[in-house]
Amino acid sequence: SAVISQKPSRDICQRGTSLTIQCQVDSQVTMMFWYRQQPGQSLTLIATANQGSEATYESGFVIDKFPISRPNLTFSTLTVSNMSPEDSSIYLCSGRSYYQETQYFGPGTRLLVL
Amino acid sequence: SQQGEEDPQALSIQEGENATMNCSYKTSINNLQWYRQNSGRGLVHLILIRSNEREKHSGRLRVTLDTSKKSSSLLITASRAADTASYFCATGGQAGTALIFGKGTTLSVSS
Numbered sequence: 001s002a003v004i005s006q007k008p009s010r011d012i013c014q015r016g017t018s019l020t021i022q023c024q025v026d027s028q029v030t031m032m033f034w035y036r037q038q039p040g041q042s043l044t045l046i047a048t049a050n051q052g053s054e055a056t057y058e059s060g061f062v063i064d065k066f067p068i069s070r071p072n073l074t075f076s077t078l079t080v081s082n083m084s085p086e087d088s089s090i091y092l093c094s095g096r097s098y099y100q101e102t103q104y105f106g107p108g109t110r111l112l113v114l
Numbered sequence: 115s116q117q118g119e120e121d122p123q124a125l126s127i128q129e130g131e132n133a134t135m136n137c138s139y140k141t142s143i144n145n146l147q148w149y150r151q152n153s154g155r156g157l158v159h160l161i162l163i164r165s166n167e168r169e170k171h172s173g174r175l176r177v178t179l180d181t182s183k184k185s186s187s188l189l190i191t192a193s194r195a196a197d198t199a200s201y202f203c204a205t206g207g208q209a210g211t212a213l214i215f216g217k218g219t220t221l222s223v224s225s
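If you're matching them up, the sequences are chains A and B in order. Residue numbers are given in this note's numbering: position 45 of the first sequence equals residue 45, and the series is strictly consecutive. Residue numbers are given in this note's numbering: position 62 of the second sequence equals residue 176, and the series is strictly consecutive.
Errors might be hidden in some of the hints.
To be verified - Calculated lysine to any residue pairs in the SDA-like style (CA-CA distance at most 20 Å, straight line):
{"#": "1", "chain 1": "B", "residue 1": "K140", "chain 2": "A", "residue 2": "S42"}
{"#": "2", "chain 1": "B", "residue 1": "K170", "chain 2": "A", "residue 2": "T102"}
{"#": "3", "chain 1": "B", "residue 1": "K217", "chain 2": "A", "residue 2": "S42"}
{"#": "4", "chain 1": "A", "residue 1": "K7", "chain 2": "B", "residue 2": "G154"}
{"#": "5", "chain 1": "B", "residue 1": "K217", "chain 2": "A", "residue 2": "P39"}
{"#": "6", "chain 1": "B", "residue 1": "K217", "chain 2": "A", "residue 2": "K7"}
In case anyone wonders, no lab produced these hints; they're calculated from the structure.
Whole structure, please, built from the sequences with the hints as guidance.
Right, dumping it as structure tokens:
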């Protein structure tokens, strides 16, 4: 199975600030995704991180709020910008190989915005 | 966006009993996957069933898929306290697309 790591594992931030979450995957992964899990809820796909180009965002998520980078095959960052308490969630990085079906997840980043 | 519904939303059983969770989805799929999430932790992949399969087993887990009804079920036999967790189904579409998750079932197994 693929190994996916994230940092930070958790953070407490003040409203109006920004936080960048890092995700590192092993070489088995070619596709990377970012999800949000609001308290007590399921996972919602934010975007697909594309290597060397702009991420593909899902409805309801915009680049200005959630800029994503993927400078190479195994690394991606998600920034949560101009945070408000409504952004308090777990943010999960996920990946898989293009033609394999099983999708793996990082341990998540727990974000609390005060 | 969420793919569909899972029921029940919450399930409480005694150790040794079987737990059944259901998942419905809306669009055509290539596969359906089940995950477990312990409180405050990441997701653990449990089992994958492809759209041309009807049933799959893995240890104490049994998954069924009915594509005509767009539904799946996860059966955990002889439940243990360690099975206490949230369980999510997720559907996979075309190659290269991300999984879309259902709302999840919270299972509580008491000893």
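Hint-by-hint comparison with the structure:
1. K140(B) <-> S42(A): With a Cα-Cα distance of about 17 Å, the restraint between K140(B) and S42(A) holds, given a limit of 20 Å.
2. K170(B) <-> T102(A): 15 Å, holds
3. K217(B) <-> S42(A): OK: K217(B) and S42(A) at ~5 Å, within 20 Å.
4. K7(A) <-> G154(B): Distance ~15 Å between K7(A) and G154(B) Cα, so the pair holds.
5. K217(B) <-> P39(A): 12 Å, holds
6. K217(B) <-> K7(A): 26 Å, violated
Comparing the model with each numbered hint stated earlier shows that hint 6 is the single one that does not hold.
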